[in-house]
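Counting from 97, one number per residue, gives the positions in the sequence shown under the working numbering.
In short, the hints are calculated from the structure, not lab data.
Hints may be right or wrong, so weigh each one.
What the hints assert, rightly or not - Here are the computed lysine-lysine pairs in the BS3-like style, where the Cα-Cα straight-line distance is at most 25 Å:
#1 K182 with K171
#2 K164 with K144
#3 K164 with K182
#4 K144 with K209
In this text, all values refer to a predicted model and were calculated from it rather than measured experimentally.
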Amino acid sequence: MDHKKSFVGDEESPVTSKEAPKITVSTDDGGATTVLLTPAADRALVWKFDLRILPVLACMYLFNSLDKSNLGNAKTAGLEKTLSLKGNQYNIILSVFFVPYVLTAPFLGIMGKKLGPNRVLPAMMFSFGCFTVMVTAVMNFGGLMTIRWFLGMSESAFFPLVIYYLTTFYRRDELARRLALFYAAQSIASAFSGILAFGVFQIETGSLADWRYLFLVEGCCTITFSVFAFWYLPQSASHAHFLSQEEKDCQRV
97 MDHKKSFVGD EESPVTSKEA PKITVSTDDG GATTVLLTPA ADRALVWKFD LRILPVLACM
157 YLFNSLDKSN LGNAKTAGLE KTLSLKGNQY NIILSVFFVP YVLTAPFLGI MGKKLGPNRV
217 LPAMMFSFGC FTVMVTAVMN FGGLMTIRWF LGMSESAFFP LVIYYLTTFY RRDELARRLA
277 LFYAAQSIAS AFSGILAFGV FQIETGSLAD WRYLFLVEGC CTITFSVFAF WYLPQSASHA
337 HFLSQEEKDC QRV
């Protein structure tokens, strides 16, 4: 069996072949090749993941946070008055979201691990985008509470699945900085949601209440991005379309 040796990364790297991690992969002709993963090549891989994976996941989490916070903005535009909410009904609508959010999280987590987070995360995003659009059509307390229940189901396990997905690209010591981006995305969403709501509330057509347009715009944007994410996100690093074959062969240790 022919056994070749190749060097991935900077050829002038001071790291010797004895110091660099050696990875043996099969070739198309039935032979094998040993790939030396240098620090330069390793940094290049991490940088590609940072540019190609993190921004997409951060945007997905931003939309997720927007869909959670839009009810408060809708309240300022007359949601309670339009739906004739009384007493603690608004608080009940807020709270009912978290019941299925907790109950269904383990099942969605298992599904995400079995089917792949690159498929389940966009599917979840598509679902809560659709339910957000449906809020546009609610007419009473019961209708809104029902949709909030299904919203809680579709958004549960979203963040845990993101963490699991990132572990297929990053080492443990590299995750902390990347996860910080998602907390930042949530903060950005909190700040951006008010600005977005203000802009949407300026729509004057008379056919729909202002707060209904808010759910329509945010829901449609979420659905659109979920379709892109479903097409774009790779199953793992070895299936990433933005990596060369040599980079895919470099299973990082």
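For each hint, the structure was consulted:
no.: 1; hint: K182 with K171; in the structure: holds, 13 Å
no.: 2; hint: K164 with K144; in the structure: violated, 30 Å
no.: 3; hint: K164 with K182; in the structure: holds, 22 Å
no.: 4; hint: K144 with K209; in the structure: holds, 24 Å
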